[in-house]
Amino acid sequence: MIQRLNKTPRMSQIVSYNGTVLLSGQVAKDASADVTGQTEQILQQIDELLAQAGCDKSDLLSANIWLSDIRQFPLMNAVWDSWVDPQNPPVRACVESRLARVELSVEIQVTAAARN
Amino acid sequence: MIQRLNKTPRMSQIVSYNGTVLLSGQVAKDASADVTGQTEQILQQIDELLAQAGCDKSDLLSANIWLSDIRQFPLMNAVWDSWVDPQNPPVRACVESRLARVELSVEIQVTAAARN
Amino acid sequence: MIQRLNKTPRMSQIVSYNGTVLLSGQVAKDASADVTGQTEQILQQIDELLAQAGCDKSDLLSANIWLSDIRQFPLMNAVWDSWVDPQNPPVRACVESRLARVELSVEIQVTAAARN
Numbered sequence: 001m002i003q004r005l006n007k008t009p010r011m012s013q014i015v016s017y018n019g020t021v022l023l024s025g026q027v028a029k030d031a032s033a034d035v036t037g038q039t040e041q042i043l044q045q046i047d048e049l050l051a052q053a054g055c056d057k058s059d060l061l062s063a064n065i066w067l068s069d070i071r072q073f074p075l076m077n078a079v080w081d082s083w084v085d086p087q088n089p090p091v092r093a094c095v096e097s098r099l100a101r102v103e104l105s106v107e108i109q110v111t112a113a114a115r116n
Numbered sequence: 001m002i003q004r005l006n007k008t009p010r011m012s013q014i015v016s017y018n019g020t021v022l023l024s025g026q027v028a029k030d031a032s033a034d035v036t037g038q039t040e041q042i043l044q045q046i047d048e049l050l051a052q053a054g055c056d057k058s059d060l061l062s063a064n065i066w067l068s069d070i071r072q073f074p075l076m077n078a079v080w081d082s083w084v085d086p087q088n089p090p091v092r093a094c095v096e097s098r099l100a101r102v103e104l105s106v107e108i109q110v111t112a113a114a115r116n
Numbered sequence: 001m002i003q004r005l006n007k008t009p010r011m012s013q014i015v016s017y018n019g020t021v022l023l024s025g026q027v028a029k030d031a032s033a034d035v036t037g038q039t040e041q042i043l044q045q046i047d048e049l050l051a052q053a054g055c056d057k058s059d060l061l062s063a064n065i066w067l068s069d070i071r072q073f074p075l076m077n078a079v080w081d082s083w084v085d086p087q088n089p090p091v092r093a094c095v096e097s098r099l100a101r102v103e104l105s106v107e108i109q110v111t112a113a114a115r116n
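Residue numbers (the working numbering), protein chains in the order written: chain A, 1 to 116; chain B, 1 to 116; chain C, 1 to 116.
Watch out, some of these pointers could steer you wrong.
Unchecked claim - Pairs of lysine to any residue residues, derived as SDA-like cross-links and limited to a Cα-Cα distance of at most 25 Å, are as follows:
| hint | chain 1 | residue 1 | chain 2 | residue 2 |
| --- | --- | --- | --- | --- |
| 1 | B | Lys-29 | C | Gln-72 |
| 2 | A | Lys-57 | C | Gln-72 |
| 3 | A | Lys-29 | B | Lys-29 |
| 4 | A | Lys-29 | A | Asp-69 |
| 5 | C | Lys-7 | C | Gln-72 |
| 6 | A | Lys-29 | C | Ser-16 |
Hints listed in this document are in silico derivations from the structure and should not be mistaken for laboratory results.
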């Protein structure tokens, strides 16, 4: 059975299916922040969405990260490294792409294992 | 068991495994169309591929969208919004990337839940 | 149960869960090579990681490919085509993105079916 949470007609923020939780790509709600602040906001949003799906960051399976300027890779990583569960890190890929609005510096999309 | 459909030696257009249907990134067959027309073509191709896999857009789990020019985000969204099942929207991420041929404006890759 | 292999505190190179093997995005260890050489290195790294997870390229489900210069699509494809199992090709998407370091030409992230 597919569970869809935090839905708009366009997309769900959370889809759970077959033991896996998928999240939409998250961007900062306050895009006036720099890449550090945007990454902090996004990771907090991911914490909240995973909690809503009944799991947490120790359940992460994968993370895809897009930076609008890849030179900010070390700044994003510093926030990531202080957030991720070092015993349970996901697979990851990070590349450069311009994002939906010019003020956005970073977008992160994750999947996680559901708990039953 | 893995099922692979619409295969070339390079890639499959459909892979079904473990209750999930994966599609290759779809681009417009007639790339002379604008982003609106290309998005329409792609979503029709996705309908056809999902039908071939025995499911439909109400089974979508995720969609990843690449635009060659992110300023065309609203134009793509207008077509998306009129196509997607508003009761059953997938998670989604949309970023800018140049695509395999310069005339391509949009590429969409989806996953869906299989029906048994 | 989630299995994480080749871990650093930042990420795992391999995550196995629920019958699926996920790999991190792979980049060439010797980035002085051209796109052909980098692709060859990456596909060999993927062979090694899949072997560590107990499967091989005939089990591939999906591949996402990023090229720092999309004009090198044919060069990457030539290496891909000589590597992939033509009877068992995955779904695929390939787009342009700048990568974590300027000398990187290509990054490939795959998923595969686990064997039990």
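**Request:** Run the structure past the numbered hints and jot down the numbers of the failing ones, going up.
**Result:** Numbers 2, 3, 5 and 6, in rising order.
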